[in-house]
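Use these hints to put chain W onto chain D, whose structure you have.
Protein chains: 2
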Amino acid sequence: MTEKLELLEEHRSFDGVQRKYRHYSTVLGCDMTFSLFLPNKEEFETPPLVWWLSGLTCTDDNFTHKAGAQKKAGELGLALLMPDTSPRGDGVADSEDWDLGQGAGFYLNATQEPWVRNFRMYDYIVTELTGIVRDTFGLTGPESIMGHSMGGHGALVIGLRNPGRFRSISAFAPIVNPMEVPWGVKAFDAYLGADRESWSEWDATKLLAEHDGSTQTPILMDQGTGDSFYDGQLQPEKLVDIATEKSYPLTLRMQDGFDHSYYFIASFIDQHLEFHQKYL
Amino acid sequence: MTEKLELLEEHRSFDGVQRKYRHYSTVLGCDMTFSLFLPNKEEFETPPLVWWLSGLTCTDDNFTHKAGAQKKAGELGLALLMPDTSPRGDGVADSEDWDLGQGAGFYLNATQEPWVRNFRMYDYIVTELTGIVRDTFGLTGPESIMGHSMGGHGALVIGLRNPGRFRSISAFAPIVNPMEVPWGVKAFDAYLGADRESWSEWDATKLLAEHDGSTQTPILMDQGTGDSFYDGQLQPEKLVDIATEKSYPLTLRMQDGFDHSYYFIASFIDQHLEFHQKYL
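Note that the protein sequences, when read in sequence, are chains D and W. The first sequence runs 24 to 303 under my numbering. The second sequence runs 24 to 303 under my numbering.
The shape of chain D in the complex, shown without the other chains (with noise of 0.2 Å):
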């Protein structure tokens, strides 16, 4: 158990700073780790902050490793907060399955048994993570939030569930209607339970449905042709038909030949960056 804030990693990135620390989470009752870029702290006093979530069997290395996205970060003057996918340990509920379990978390509250007790991803970023970069790193200036696959979703439910607090959210090849796929019926059901009442409030695409309007934090989501999880587990279609209905500011982008990896990741992240650098 780390009751405080463990630094594991510090490297000179670009004009910045990129760390990775482990701290005990009350919320998730185990350790977890985060990963943070700051960029030059003489230029930036209190830089805004982007969160990244991240897809399914991924830590908050593989954006931090692969993305690239410290450079133009650096430039914009960025802060970049990368936590892990979901609570990990000896202790935790977890299953053989790749896709639900350790490294699955969905980024929502469970409420079944066995994941109750520790699978509160939700709480554990809307609150506890923010408190500490908030206290320990004075990120108290304005946010912005994206992700990937399972991370997407998480950016955009969490955006969509706190209106006012991003400015502006963004998708790499995101799961916007868990409810309806394979990946998302198999997390939901095993996290939330047989009663799909409950499911909506962790769905961009129900939550989009029922938005009052009174916000209009702008949405950009990037979708590669070449994804062979598009048709049968992405389908971001689905949430800009909504948006089109609704008239919410929705951009998606169709990008040729494009797969799931962080290829594509890395061939857009400073678009998405100058996107949100946009609002913040």
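Treat the hints loosely; a few may be bogus.
The list cannot tell twin chains apart, which means a pair is met if one copy fits it or any two copies do.
[Claimed, not checked] SDA-like mimics (lysine to any residue), calculated; alpha carbons at most 25 Å apart, straight line:
1. K94 with F298
2. K64 with S251
3. K261 with E68
4. K43 with D279
5. K64 with Q278
6. K43 with G249
7. K89 with F298
8. K64 with P165
9. K64 with G249
10. K43 with F252
11. K89 with D250
12. K64 with S223
13. K94 with E297
Hint data in this document are derived by calculation from the structure and do not stem from the laboratory.
Coordinates of chain W only, in the frame set by chain D:
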């Protein structure tokens, strides 16, 4: 045994394509993987080729995943070729130590048992893999070579031993004088035997000292001041001293606060590609 090139991965990356292949190496007597980035083929029909040689413990994946080189390479129209760092497999000699054996080939031709059968990375790169990429991908244009740490040693040695072949050489935190530092002494003793005379032909500082001056392939080196291997294993000033003595075109840049990681490489890879592009 894989007789033909087998495509393991293919990803669109920026305007180009990132691929990973497996093939049977007759020089090394085992299956090998390598990674290749090709810029947009409609715009760049026969791109110049820049080789990347990785450091201890790495495979062809480390640079491919973490350096963020594809954006600039795609813009400049450069192909990037990332070989593995040693022969591999169950039938290949290995050591319990991370800095000897598989993952630690040191880009030389071993003469000692049990390494002599497979550990011939110099011939593999200079001859066999060269032939493959020329024949299969038509990469018959000009070439440059670069690398990191053990791979910086490899780039310097291969560049200096093949005068006229490479237009430029660059290195991140290279081992410049392996005969005199612990990593190199351990590897050379194992691979080349106790006769130190035979070591000189694999030592960049020795090679440059004996260089006849007929070719003046420019060399760029970056070294982080926060690199924990700087004093004990790297000592780039040794090569600078010889270059100064011989008026050889070598530039060493000390980079404040950077360590030995890929965050360091990512921070300066664009500048290395621009350096090579001037000569390609």
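Taking the hints in turn, this is what the structure says about them:
1. K94 with F298: both (15 Å within a copy, 19 Å between copies)
2. K64 with S251: between (41 Å within a copy, 24 Å between copies)
3. K261 with E68: neither (40 Å within a copy, 40 Å between copies)
4. K43 with D279: between (34 Å within a copy, 21 Å between copies)
5. K64 with Q278: between (35 Å within a copy, 18 Å between copies)
6. K43 with G249: between (33 Å within a copy, 17 Å between copies)
7. K89 with F298: Close inside one copy (20 Å) and across copies (24 Å); limit 25 Å.
8. K64 with P165: within (17 Å within a copy, 42 Å between copies)
9. K64 with G249: between (40 Å within a copy, 18 Å between copies)
10. K43 with F252: Answer is between; shortest inter-copy Cα gap is 21 Å, intra-copy 30 Å.
11. K89 with D250: Cα proximity of K89 and D250: in one copy and across copies (18 Å, 21 Å).
12. K64 with S223: Close neither inside one copy (41 Å) nor across copies (46 Å); limit 25 Å.
13. K94 with E297: both (12 Å within a copy, 16 Å between copies)
In summary, the structure is inconsistent with hints 3 and 12 from the numbered list given earlier, while agreeing with the others.
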